[in-house]
Structure formats: C-alpha cells, structure tokens
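Protein chains in written order, with numbering that gives the first Met the number 0: chain A, 0 to 272; chain B, 0 to 390.
Derived by calculation from the structure, the hints in this document are not laboratory data.
Fair warning: this is a prediction, and the values are worked out from it, not measured in the lab.
Ideal placement from N, C-alpha and C gives every residue a C-beta, glycine not left out.
Errors might be hidden in some of the hints.
Said to hold, decoys possible - Subject to a maximum C-alpha distance of 25 Å in a straight line, what follows is the list of computed PhoX-like cross-link-like pairs (lysine-lysine): (1) B:LYS228 with B:LYS78; (2) A:LYS260 with B:LYS78; (3) A:LYS188 with A:LYS72; (4) A:LYS17 with A:LYS188; (5) B:LYS230 with B:LYS298; (6) A:LYS260 with B:LYS157.
To be verified - Covered, in the sense of this in silico footprint (three residues per stretch, anywhere, with C-beta under 8 Å from a C-beta of chain A), are these stretches of chain B: (7) 31-44; (8) 116-123; (9) 170-179; (10) 185-195.
As the list claims (entries may be wrong) - From chain A, some residues computed to sit far from chain B (all C-beta separations above 12 Å): (11) GLY20; (12) TRP31; (13) LYS69; (14) ARG76; (15) SER147; (16) THR164; (17) LEU176; (18) ALA177; (19) GLU181; (20) ILE182; (21) SER184; (22) GLU214.
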Amino acid sequence: MANSVVTNQKGVLVDLTKCVGCGSCTVACKMWNNQSFQHPQTEEFQNAHGVDVELDSNTWTTVDHKLVEKDGKEVWRFVKRQCMHCLDPACLSVCFSHSFHQTNEGAVQYNPELCVGCRYCMIACPFDVPKYEWEKVMPSVMKCQFCSSKLADGEAPACASVCPTDALMFGNRDELLAKAHEIISSDSKYVNHVYGEKEVGGTSWLYISDVPFGELGFPTNLPEQSVPGNIHEFTRFTLPIFAVGATAWAGISMYTSRRHKVHEAEHGHHDEK
Amino acid sequence: MSGKRWSFKITPIRIAMFAIFAVTLVMYLYRYYVGLGAVTDLNDAYPWGAWIGADMNVIALAGAGFSMAIISHIFHAHKYEPLARRCLLMSFIGYVLVLLILIIEIGRWDNFWRPFVSPNLHSPMFEVYMCIVAYLVLQVIELVEVVTEKVAPKVQQKMQSIMPIVFIAACTVPLGHQASLGALYLAMPAKLDAIWASQMMPWLFVFSSFFIGPCVAIVEYIWTSARYKMKVDTDMLYSLSRISAVLMAIYFVAKCADIVVRGQVGNVFAFNMTGNMFLLEMLLLTVVPIVIHLTPFGKTKGGLLTFGISGMAGLVLTRLNVVFTGMAAHLGGGYFPSFLEIFTTVGGFCFAFLVYLYVTENFPFFYGVAGDAEGKPVGESAESGFNQAIM
Numbered sequence: 000m001a002n003s004v005v006t007n008q009k010g011v012l013v014d015l016t017k018c019v020g021c022g023s024c025t026v027a028c029k030m031w032n033n034q035s036f037q038h039p040q041t042e043e044f045q046n047a048h049g050v051d052v053e054l055d056s057n058t059w060t061t062v063d064h065k066l067v068e069k070d071g072k073e074v075w076r077f078v079k080r081q082c083m084h085c086l087d088p089a090c091l092s093v094c095f096s097h098s099f100h101q102t103n104e105g106a107v108q109y110n111p112e113l114c115v116g117c118r119y120c121m122i123a124c125p126f127d128v129p130k131y132e133w134e135k136v137m138p139s140v141m142k143c144q145f146c147s148s149k150l151a152d153g154e155a156p157a158c159a160s161v162c163p164t165d166a167l168m169f170g171n172r173d174e175l176l177a178k179a180h181e182i183i184s185s186d187s188k189y190v191n192h193v194y195g196e197k198e199v200g201g202t203s204w205l206y207i208s209d210v211p212f213g214e215l216g217f218p219t220n221l222p223e224q225s226v227p228g229n230i231h232e233f234t235r236f237t238l239p240i241f242a243v244g245a246t247a248w249a250g251i252s253m254y255t256s257r258r259h260k261v262h263e264a265e266h267g268h269h270d271e272k
Numbered sequence: 000m001s002g003k004r005w006s007f008k009i010t011p012i013r014i015a016m017f018a019i020f021a022v023t024l025v026m027y028l029y030r031y032y033v034g035l036g037a038v039t040d041l042n043d044a045y046p047w048g049a050w051i052g053a054d055m056n057v058i059a060l061a062g063a064g065f066s067m068a069i070i071s072h073i074f075h076a077h078k079y080e081p082l083a084r085r086c087l088l089m090s091f092i093g094y095v096l097v098l099l100i101l102i103i104e105i106g107r108w109d110n111f112w113r114p115f116v117s118p119n120l121h122s123p124m125f126e127v128y129m130c131i132v133a134y135l136v137l138q139v140i141e142l143v144e145v146v147t148e149k150v151a152p153k154v155q156q157k158m159q160s161i162m163p164i165v166f167i168a169a170c171t172v173p174l175g176h177q178a179s180l181g182a183l184y185l186a187m188p189a190k191l192d193a194i195w196a197s198q199m200m201p202w203l204f205v206f207s208s209f210f211i212g213p214c215v216a217i218v219e220y221i222w223t224s225a226r227y228k229m230k231v232d233t234d235m236l237y238s239l240s241r242i243s244a245v246l247m248a249i250y251f252v253a254k255c256a257d258i259v260v261r262g263q264v265g266n267v268f269a270f271n272m273t274g275n276m277f278l279l280e281m282l283l284l285t286v287v288p289i290v291i292h293l294t295p296f297g298k299t300k301g302g303l304l305t306f307g308i309s310g311m312a313g314l315v316l317t318r319l320n321v322v323f324t325g326m327a328a329h330l331g332g333g334y335f336p337s338f339l340e341i342f343t344t345v346g347g348f349c350f351a352f353l354v355y356l357y358v359t360e361n362f363p364f365f366y367g368v369a370g371d372a373e374g375k376p377v378g379e380s381a382e383s384g385f386n387q388a389i390m
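In isolation and in its complexed conformation, chain A is listed as follows:
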C-alpha cells in the first residue's frame, strides 16, 4: 500500500531530552493556524502546554508535561503531541469519501468539503489525533496539517521553526532516521528505540527519549503493520467474495431447482409446499 504521491518525504525528529516544555511550538501553531486559546466546547481559556493538556479541534499541538520516575528520582519530561503523519495513514484509508490525502512531502491533509462526518478516522487513528468540532452545527474534523504550504515551499513547519532548544529537528525523514540512530547509539542515556520508525508502518514524526515511551503516554502496543495493510487483508477479498458468492448461489439455485423438478416429475406431484 505504498503511496506514490509522496516523493519528498519530510519529517521531524523530536529529541525529548532537549525539550524544556516552554510551549513556544504550541503558540507558533496557534498563530500560524489562526486559532484562539479557548477550549472549543467549554470556551475556557487554556494553554496548549502543561499537565494533562489534550488536543482538541482548536489545538493541533500540545506539550504534555509529565512527571516520571527516572533512576529513583522524579523528573519532568515534556512531550510534544500532534498528528504523527503516518507514512500509510489509517485516517486516509478508512475515510469512505476520501477526505484525506497526502502531499508530496508526506503531510496528511484533511479536506472538510468531502467529509460526511462519520468520525471513523477519529476512532481508527492509532494515536487518537483527529478531533471534532462538537460545538458546531456543521462540524469538521480537525488535526495538524503539517503546515503543508510551508513544507511545499521547503520551509520547516511553524512549531519546529521556533523551537529554541533544537528539540524539533526538521528534515528529510530518512536522514533524520539515520541521525536518530546515530544519537541513541552514541549516548547510553537514550532508550534504544526510535518511536515512529516502525509503529503502524512508520510515521513522519520520530521521537527519541531517555525515558521509556510507555511512561510518557505513547501507545506501545502498536503493530508494525500499517492499519491500511491490516484492513487490506480483508478488502482484497471483496470482489472474490461477490464473484464466488454470486456464482455459488446461482449454481446451487439451478441444481436444487432442477432436483425439485425431477422429483416432481418422478412422483407426479409435489409433496412439499
């Protein structure tokens, strides 16, 4: 299910050991996308970084402040969350009206024009990223668009461009992946895992960390097979089912019908209603 549209796969490598939790990226995101700091449903003012902050239709990235235990002490870690921009996206494959598409740079885009509002993308996303405008009469799904117009111009996304500590490194995904492996193999403090390298077929956003990803709220039970790959195990049988089904029913129908006629002819009447 490799997508041929993506010719220039970009990515962002997030080094969680460098993030200081300032939240600049969340502010840059709000500004670039012209979003308020109000919760869409409760209308309360809220920061997009802090403890227990969550993505919503008005907040496409957050920095989640996590108090975790490391080497016997409690330490703070700051986890940026946004759409992971899967290489083989679940949202794109499950959407029955093709509201999602990928750009050349691998940004997963949503087009509200085509959306029916079934919310399958929301429940299918392995990272629970798409959010809904529940407060609206005619709602759309909302999620990070990877600043696709900036990417198309060769620029970094808004969030990565303002990071003061270089925790967000923008570039070509394969180069970032090589760099991530270089970093974790040269420094023993890192967990030996690049999150996003293989999860659900790989994601544009990659993470390295000195604390196990499970403790930072990342789903750790994701298969290496992409969601579309998993579904394709079924959908590839669609046409065969119809073909075999229709042929079988026609064959059985003709056979049983003929058997009844023969039966009737032999007995002179039908004894079965």
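Chain A is already provided as a structure; the job is to place chain B on it using the hints.
Relative to chain A, chain B alone:
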C-alpha cells in the same frame, strides 16, 4: 376485504408508539438546528456511541432477510418461503431504521452523497455504505414483486424475467456489508480488546448474521401466530432451527479455534468484565440454543422461542461487545448516551414497529404461513384474527 384493506387498528400501545415517534421527529429538527455535540454525549474520546451500537445490531439481525432468502430461494427449501417473505419485510424495515438513525448520527448529513462521487475503495465503511444502498434497492424490487402478486398480477408476471438475477444479487450483496461491519474494527487492532480483535472478525460477523436468520424467523413466526391465534407448525420450525444449530456449532468451533490460536484462553477465563462478557456472548449465541435443540424441549413452541431469543440476544451481545465492552479499556468511561440519543433510538424502533404492523395487517399475504404457496389468499382465513390482534 376491500373496505378493510387500508385500516390500522388503534390501541393504547400504538398511540404511545406514535407519540414517541412524533416527539422523535421534533428531536430530529432540534438536533439539526443545534448540532451533534449539543444533543449527544459523544466526545473526542468517544466518537461512536449508542446510535452506532444500535445500527450494528439492527443490520446484524436484519441479516435474517438474506439468510432466509438463501435458504428458500437458493436452496429451494420451499416450505420456508412464507418465512423468507416476512424476514424480507422485517429486514427492509430494519435497513430503513438504520438509515433513519444514520441521518442524525453523521455530522455532515448534507454531505451524505460524497462517497458516491469521491469513493475510497479501500475503506470498509465504503463497502458497508454501498452494499446497504444496493441491498435496499434490491429489497424494494423483491417487495414490489411480492405486493404485485395480489395487487397487479400483470406487473408481477413481467418482473419474473429479472427476478432470478435479483434474488442472486440480494443473496450476495449483504455478504459485503455484513463482513465489512466486522472489518471496520480491523482498523483498531491495538485498541479493541484482544479477545475480539481478530483478523477473522469480518468472516465471523457475516457468518453469525447468516445463522441468526432462522432464529429471527422463528421468534417472529411464533409471535405472529399468537397475535392471530394461528396454529404453530413446530415440525417446520424445528427443522429450520436445525439449520441454525448446525451452523452455530461450526461457529462455536471456529470461535474457539480463533481464541486458542491467538492465545486468548487466559483472557477469556480471567473472570473480569471482558472475559465474562465474552463467555456470556458465546453462551447465549451458541451453547444455550444448541443444548435446547438437542433436548426434547427444542421441539416444543416454548423451546423454539427460547432458542430464537437466546440466539438473538447472543448476537446483539457480539456486536455490543465489540462496539463498547472491547473498546472500553481504550476509550475510557467518558460516555453515556444522552436522553436524546436514547429517546430517538427508541423512537426509531417505534417507527419500525408501526410500519411492520401496518404492512402485515394491510397486506396479509406477508404473514400467511399455511397454504399461501397454493396462491390462496391467506388474509381471508386470518381476517378474523385481525380483530383479536394482541397489540
């Protein structure tokens, strides 16, 4: 008969159902005016709720339409033909009910037509949608053929040339959406509880929606017979229940194999919420009906009724367990259907019920069991039963 044909007996229960449906329609307008979030408890963590749960169940039970059609039209077991007709009617009403719920469930109802012009062939949801629409069209043709038999025989004669193709198609298309409903959850292998998250899900869904057909047919037959004080042909129902029982046994073995192969035996017998719900689902859908069938009780009216109701309850559990029980650990407990969600669902069922009663009472040949294969207007003999209708 002519004077009475378009009548509808009014009882207090029916008035209540009318009232609930009328209020439901007002709620529909209100929901369209204020939006989805204002009237439901659905939220970002819980995007699918009671309406989806209801739809999954109605479609699964409405599988009775295609499974009884396969038994009577494909395998030419003619003695079940009257039952197949009733199941066709119930199934059609069921699918209309599903669409009725879906038009308020989807967030952008004005975009309902988009999948037709912007299709995604890889989405199981697309297959569900297309097959349901195609099946509704086929069902309308089948129903017209049944109705014109008495009302406009000439039209019915002309339709005969296309009916074999329609029957074959109507027995094939539901395979697509019944299986795809299970395939919807192939997208969440890491979210759905491992007891249910199997690649076999689509096939188990389509198989269970098939063998539930006789259960639905038996329950409806016994209930209708009670309404019209007609004799119950327990021999015929018993042989029909055998079809279900055999397939239930195969399903039981397949499900056990699926659990064992995926190493889920420990989770099933963990005696927690998910394990217990799975055991209950298997008990009601397979074990109880099979045991009833193997005992003399299975040949009695009460036994057949218990057989059917247990199977239907078990099937409902299989779908609810996937939509709610199996997803609860991931989605959390942040959802309970709102008053409007519950009321409109009940209202939808009231509508379905009223349509069913109206059609069966005004087109008696739908429920005619004894003798309508002879072309005898069964309505005539059952006419007196109308006035004694229980409901």
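Earlier hints that do not hold, by number: Result: no hint breaks.
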